[in-house]
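Visitor: These are the residues of each chain, in order.
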Amino acid sequence: MFTTVTMSLFEGFLGTLKLFSLTLLFSLPLGLIISFGSMSKSPIIRWPIRFIIWVVRGTPLMLQLLVIFYGPGIFFGTNLWGSGDGGRFTAALVAFVFNYACYFSEIFRGGIQSIPKGQYEAAAVLGLTKSQTFFKIVLLQVVKRIVPPISNEVITLVKDTSLARVIAFYEIIWEGERFIKSAGIIWPLFYTGAFYLVFSGLLTLLFGYIEKKLDYFK
Amino acid sequence: MAILEVNDLKKKFDNTEILKGITFSMEKGETLSILGSSGSGKTTLLRCLNFLETPNEGTITVNGNCLFDAKNGPLRDGDLREKRLHFGMVFQQFNLFPQYTALENVTLAPKLEGRGKSQEEIIENGKRLLEKMGLGDRMNNYPHQLSGGQQQRVAIARALALRPDILCFDEPTSALDPELTGEVLKVIKELAEQHTTMIIVTHEIGFARDVSDKIIFMDDGVIADEGTPDQVIDNPSNERTRQFLANYLK
Chain V
0 MFTTVTMSLF EGFLGTLKLF SLTLLFSLPL GLIISFGSMS KSPIIRWPIR FIIWVVRGTP
60 LMLQLLVIFY GPGIFFGTNL WGSGDGGRFT AALVAFVFNY ACYFSEIFRG GIQSIPKGQY
120 EAAAVLGLTK SQTFFKIVLL QVVKRIVPPI SNEVITLVKD TSLARVIAFY EIIWEGERFI
180 KSAGIIWPLF YTGAFYLVFS GLLTLLFGYI EKKLDYFK
Chain C
0 MAILEVNDLK KKFDNTEILK GITFSMEKGE TLSILGSSGS GKTTLLRCLN FLETPNEGTI
60 TVNGNCLFDA KNGPLRDGDL REKRLHFGMV FQQFNLFPQY TALENVTLAP KLEGRGKSQE
120 EIIENGKRLL EKMGLGDRMN NYPHQLSGGQ QQRVAIARAL ALRPDILCFD EPTSALDPEL
180 TGEVLKVIKE LAEQHTTMII VTHEIGFARD VSDKIIFMDD GVIADEGTPD QVIDNPSNER
240 TRQFLANYLK
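Here the protein sequences come in this chain order: V and C. 0 is the number of the first residue of the first sequence in numbering that gives the first Met the number 0; add one for each residue after it. 0 is the number of the first residue of the second sequence in numbering that gives the first Met the number 0; add one for each residue after it.
Isolated chain V (complex conformation):
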């Protein structure tokens, strides 16, 4: 029984991993773009972006999932996401990417704004272009500063993926819960915790390693 449960939970965990990794892949670069928008000198760009960040950070992710999944059908009468599991996955991914991009953008903004003005001025008097200044001088210093808060968000994301159940996205909790109905046992549901723990443990090690790698400068 234990082996059967473990194997099917692994299968559920693949769904979790898929949502987790694709969310990261898209939300990190999108977050960087949003952070530039929220720091833009033009108020026409800056204020709408800050408004969106406020809405996304100020409402529950579970609610955002529901609105994004059911919204197009209810308000526009169109099934934007397509039918079946593929549609549910796409809708969940869009909600997660958007939500996490907004959180990441604030971390990026904090990191970029914490770089002393003197670094930009030193680069300027040495004749560096704006993009050289960002990529050669600023970026690595920003990365070093934001590794701890990013690692926090990433570990939260591992667990947040379970929220996608609300639109019937198939992941590990879904799989664990199935055993209650099919076999009348609850321990598989509790057992899913071990998967989360091991995975977030691995991520903690990975981020610890990155932090250590960047320890060569202050």
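Please note: incorrect hints may appear among the correct ones.
[What the hints assert, rightly or not] With a cut-off of at most 25 Å between alpha-carbon atoms, the simulated PhoX-like pairs for lysine-lysine come out as follows:
(1) C/188 <-> C/126
(2) V/217 <-> V/135
(3) C/82 <-> C/116
(4) V/116 <-> C/11
(5) C/110 <-> C/188
(6) C/27 <-> C/188
(7) V/135 <-> V/211
(8) V/129 <-> C/82
(9) V/135 <-> C/82
(10) V/135 <-> C/188
(11) C/116 <-> V/129
(12) V/129 <-> C/110
[As the list claims (entries may be wrong)] Label-pair distances were calculated between CB atoms; the ranges are:
(13) C/140 <-> V/69: 20 to 30 Å
(14) V/214 <-> C/113: 31 to 41 Å
(15) V/216 <-> C/219: 37 to 47 Å
(16) C/136 <-> V/138: 44 to 54 Å
(17) V/109 <-> C/205: 27 to 37 Å
(18) C/119 <-> V/138: 52 to 62 Å
(19) C/70 <-> V/128: 25 to 35 Å
No lab work stands behind these hints: they were computed from the structure. Please read all numbers here as calculations on a predicted model, not as lab measurements. No residue lacks a Cβ here, since even glycine has one placed at the ideal position from N, Cα and C.
With chain V fixed as given, assemble chain C onto it according to the hints.
Guide: Structure of chain C alone, referenced to chain V:
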């Protein structure tokens, strides 16, 4: 011909006029020190020369080429970079790039610049400059592994690596412990002896008297007094200069 001519330079922040019309010139190979109390506008003047601030009025001419004329409006980014390279800048807070070694700090800009030089030449030149600064054994250290005085000497080498026409220092020893100022001043003095063209904003009056060919005393956004060290420091004619010096010599 003067290497630098500054004519009627004015700079306002909001409604406060920090520079109220600065005119001076200097010759190639000269060392010019700018003295004055805090808020007199000396740092702003230096920042205008490096185009870290855009003057509201006036002109800046180097080697007979007019680099900046406020009448023509602000400079475009590409122009700005080109024109900045006539000036080198050493900051009070060093502003070294923490993720690069001393040598990388010195070679980074020349490498990005290109200027038809090979990587080896650039690295050789960087090493030579750091050796000249007495940092031959510190080239591969990161800034946080260096003392303030060493960091500032790396910053001087970094500025020299681009061979600026005029090297500017913004209070280069103000962020240093007293026992570390000597090593930085010694290096600047050596540069003066080799006739590097330099503008030094400083509070080290004794040092300024020692190394300068010319001294400018600024007060409240104008040049209150200028001349040789002998004229300005030893026999000040201006009442405000006398007060300032008296405060320092107490």
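Visitor: All hints, please: hold or fail.
Guide: Now the hints, each set against the structure:
A C-alpha spacing of about 20 Å is found between residue 188 of chain C and residue 126 of chain C, which places the hinted pair at or below 25 Å, so the restraint holds. Of the pairs offered as hints, the one joining residue 217 of chain V and residue 135 of chain V holds, with about 16 Å between alpha carbons and a cut-off of 25 Å not exceeded. Only pairs whose Cα atoms come within 25 Å are accepted, and residue 82 of chain C paired with residue 116 of chain C is accepted, the gap being roughly 20 Å. A C-alpha spacing of about 20 Å is found between residue 116 of chain V and residue 11 of chain C, which places the hinted pair at or below 25 Å, so the restraint holds.
Restraint check for residue 110 of chain C and residue 188 of chain C: not satisfied, since their Cα atoms lie roughly 28 Å apart, outside the 25 Å limit. With a CA separation close to 16 Å, the supplied pair residue 27 of chain C and residue 188 of chain C stays within the 25 Å bound. This hinted pair checks out: residue 135 of chain V and residue 211 of chain V have alpha carbons roughly 20 Å apart, not beyond 25 Å. Taking the CA atoms of residue 129 of chain V and residue 82 of chain C, the gap is near 16 Å; set against the 25 Å cutoff, the hint holds.
Taking the CA atoms of residue 135 of chain V and residue 82 of chain C, the gap is near 21 Å; set against the 25 Å cutoff, the hint holds. For a cut-off of 25 Å, the pair hint linking residue 135 of chain V to residue 188 of chain C is broken: about 33 Å separates their Cα positions. Restraint check: the Cα-Cα separation between residue 116 of chain C and residue 129 of chain V comes to about 22 Å, which is no more than 25 Å; the hinted pair holds. Note on residue 129 of chain V and residue 110 of chain C: the hinted pairing holds, with a Cα-Cα distance of about 16 Å set against a maximum of 25 Å.
Between residue 140 of chain C and residue 69 of chain V the Cβ separation comes to about 60 Å, which falls outside the hinted range of 20 to 30 Å. At about 32 Å, the beta-carbon gap between residue 214 of chain V and residue 113 of chain C stays in the expected band of 31 to 41 Å. For the pair residue 216 of chain V and residue 219 of chain C, the beta carbons lie near 42 Å from each other, so the given range of 37 to 47 Å is met. For residue 136 of chain C and residue 138 of chain V, the hinted distance range of 44 to 54 Å is not satisfied, since their beta carbons lie about 30 Å from each other.
For residue 109 of chain V and residue 205 of chain C, the Cβ-Cβ distance of about 44 Å falls outside the hinted range of 27 to 37 Å, so the restraint is violated. At about 27 Å, the beta-carbon gap between residue 119 of chain C and residue 138 of chain V misses the expected band of 52 to 62 Å. Between residue 70 of chain C and residue 128 of chain V the Cβ separation comes to about 27 Å, which falls inside the hinted range of 25 to 35 Å.
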